[in-house]
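Visitor: Let chain A serve as the given structure and place chain B on it in line with the hints.
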Amino acid sequence: MAMAALRREGRRFATPLISPNPANVFRSSLIPSEEPVLSGVRCISTQVVRNRMKSVKNIQKITKAMKMVAASKLRAIQTRAENSRGLWQPFTALLGDTPSIDVKKNVIVTISADKGLCGGINSTSVKISRAMHKLNSGPDKENKYVILGEKAKAQLVRDSKKDIELVMTELQKNPLNYTQVSVMADDILKNVEFDALRIVYNKFQSVVSFLPTVSTVLSPEVVEREAESGGKLGDLDLYEIEGAETKAEVLQNLTEFQFSCMMYNAVLENATSEQGARMSAMDSSSRNAGDMLDRLTLTYNRTRQASITTELIEIISGASALEG
Amino acid sequence: MFRRGSQFLSRASTMRWRRPFSTDLPAEASKDSNFVESWRKAIPTVEPPSTPSAFMATRPATPSSIPSKLTVNFVLPYSSELSGKEVDMVIIPATTGQMGVLPGHVSTIAELKPGILSVHEGNDVSKYFVSGGFAYVHANSFADIIAVEAVPLDHINPNLVQKGLADFTQKLSTASTDVEKAEAQIGVDVHSALNAALTG
Chain A
1419 MAMAALRREG RRFATPLISP NPANVFRSSL IPSEEPVLSG VRCISTQVVR
1469 NRMKSVKNIQ KITKAMKMVA ASKLRAIQTR AENSRGLWQP FTALLGDTPS
1519 IDVKKNVIVT ISADKGLCGG INSTSVKISR AMHKLNSGPD KENKYVILGE
1569 KAKAQLVRDS KKDIELVMTE LQKNPLNYTQ VSVMADDILK NVEFDALRIV
1619 YNKFQSVVSF LPTVSTVLSP EVVEREAESG GKLGDLDLYE IEGAETKAEV
1669 LQNLTEFQFS CMMYNAVLEN ATSEQGARMS AMDSSSRNAG DMLDRLTLTY
1719 NRTRQASITT ELIEIISGAS ALEG
Chain B
41 MFRRGSQFLS RASTMRWRRP FSTDLPAEAS KDSNFVESWR KAIPTVEPPS
91 TPSAFMATRP ATPSSIPSKL TVNFVLPYSS ELSGKEVDMV IIPATTGQMG
141 VLPGHVSTIA ELKPGILSVH EGNDVSKYFV SGGFAYVHAN SFADIIAVEA
191 VPLDHINPNL VQKGLADFTQ KLSTASTDVE KAEAQIGVDV HSALNAALTG
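Same order as they appear, the protein sequences are chains A and B.
Residue 1550 in my numbering sits at position 132 of the first sequence, and the numbers go up by one each step.
Residue 162 in my numbering sits at position 122 of the second sequence, and the numbers go up by one each step.
Pulled out of the complex, with its shape left as it was, chain A reads as follows (with noise of 0.2 Å):
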């Protein structure tokens, strides 16, 4: 509700202020021309600043207000993404962080919001998804996309749209854990093929720079053909296992629970980001709306002055021509 009215003032304003010449217009638009305030319809243009005064105090309420909320969610969510960030280290220790692998199957996870207003973190696992999927794509060469978020969503259908395997959102309905994403990280799991699945988040760095980040999760298959030709997982060669029966069987089994690791700190990464990315993207512009407040009192101010000044001339040059 708060977002729909937002956006229907956000309307009003946008005519006048993308003019080249800010200042003139903005005057004109409020006094719709010189002629009535001079032919004696005076309250008419002060009714009309006030008006806007009043919508642009309330925009700034709700604003204000969204900061709060996102400053409240930040806090609590800032210390479980801290917490999780110990958990993918031992696979990328072990199994390599190897985002140029090059493979058939590359499975493009986004990881997006499910609301917008949160400045410029949508787009931007959106561009960096479509940068990755340009990047592998080649001939026989499959590119598919697993989105999590409304967000990423509503801009990857437009172009995208047959490359769209699976979509999942509302996620952060109740607090995330890690049941949740481990469950979640299955039905991806099984409904996908993949030889290669990169995560694709925004890390939270702090309030207001968050950094967008690709994780690579290889499929069990690759993990022992790189393993066995010696290349970037040449090492995992000298690992004994020990487990299940065979050696494919422990790989399956940590390829999943590396994905799981992954997606769980990826999503709070992600989801930090959001709220730090809100936060200061309502802090703005409520500090906006102040500016807009200001500029609208001075000339509220100044028009009642000039109304008054005439009404006090008129009076005054009519009495002076009754006295002589």
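Hints listed in this document are in silico derivations from the structure and should not be mistaken for laboratory results.
This structure is a prediction, so every number in the text was calculated from the model and none was measured.
Positions of the beta carbon are idealized from the N, C-alpha and C atoms, including for glycine.
Fair warning: there could be bad hints in the mix.
Simulated DEER-style distance windows between Cβ atoms [unchecked claim]:
no., chain 1, residue 1, chain 2, residue 2, range
1, B, 194, A, 1647, 44 to 50 Å
2, B, 189, A, 1713, 54 to 60 Å
3, B, 73, A, 1473, 49 to 55 Å
4, A, 1706, B, 87, 23 to 29 Å
5, A, 1598, B, 195, 21 to 27 Å
6, B, 214, A, 1559, 49 to 55 Å
7, A, 1476, B, 87, 34 to 40 Å
Below 25 Å or equal to it, Euclidean Cα-Cα: the simulated BS3-like pairs (lysine-lysine) are [as the list claims (entries may be wrong)]:
no., chain 1, residue 1, chain 2, residue 2
8, B, 81, A, 1562
9, A, 1491, A, 1533
10, B, 81, A, 1552
Guide: Chain B only, in chain A's frame:
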């Protein structure tokens, strides 16, 4: 220069170290540049994204002599219980049996089963009950243990364990579908492991 000569000779003679000359460089550096280069060629307008290795402290190379301590990282989804802690020994509940890990252990990947993980540091022993996960022991005397859930052993109530064990044993006997049976079996396994951990 000649001071290190003896080291190289001894390494070459044992043939334990496969890449004796590359130990000075972090292994990650070359991989990333490849990705960044191809990215810049294909998509010049967008900055290449970061990759996880950029956020990780580089692990030291395998030292030539066995260090006296084992460096342990013990992580859970919601916290890092131990991070980079130097201990004498850990005992890991692998699916193949309890596995003691000392510094200089051969590099291993092990799946965990529900059981006790104990961390020995001098005379102090801290015990955790872990629900399952993975453990990696690296050649450079680093051990990474990842578990889905872990609690210190003294936080567990023995009465509730007995009750849970009885409940799940009964459920296992009455279960009709395969799913129910599997769930009950998991419950029995976890509770009997807990019971064994508490009594043993």
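Visitor: Please go over all the hints and tell whether each is borne out by the structure.
Guide: Hints and how they fare:
no.	hint	result
1	B:194 x A:1647: 44 to 50 Å	48 Å, holds
2	B:189 x A:1713: 54 to 60 Å	57 Å, holds
3	B:73 x A:1473: 49 to 55 Å	54 Å, holds
4	A:1706 x B:87: 23 to 29 Å	28 Å, holds
5	A:1598 x B:195: 21 to 27 Å	24 Å, holds
6	B:214 x A:1559: 49 to 55 Å	52 Å, holds
7	A:1476 x B:87: 34 to 40 Å	39 Å, holds
8	B:81 x A:1562	22 Å, holds
9	A:1491 x A:1533	14 Å, holds
10	B:81 x A:1552	11 Å, holds
The structure is consistent with each of the numbered hints, conforming to all of them.
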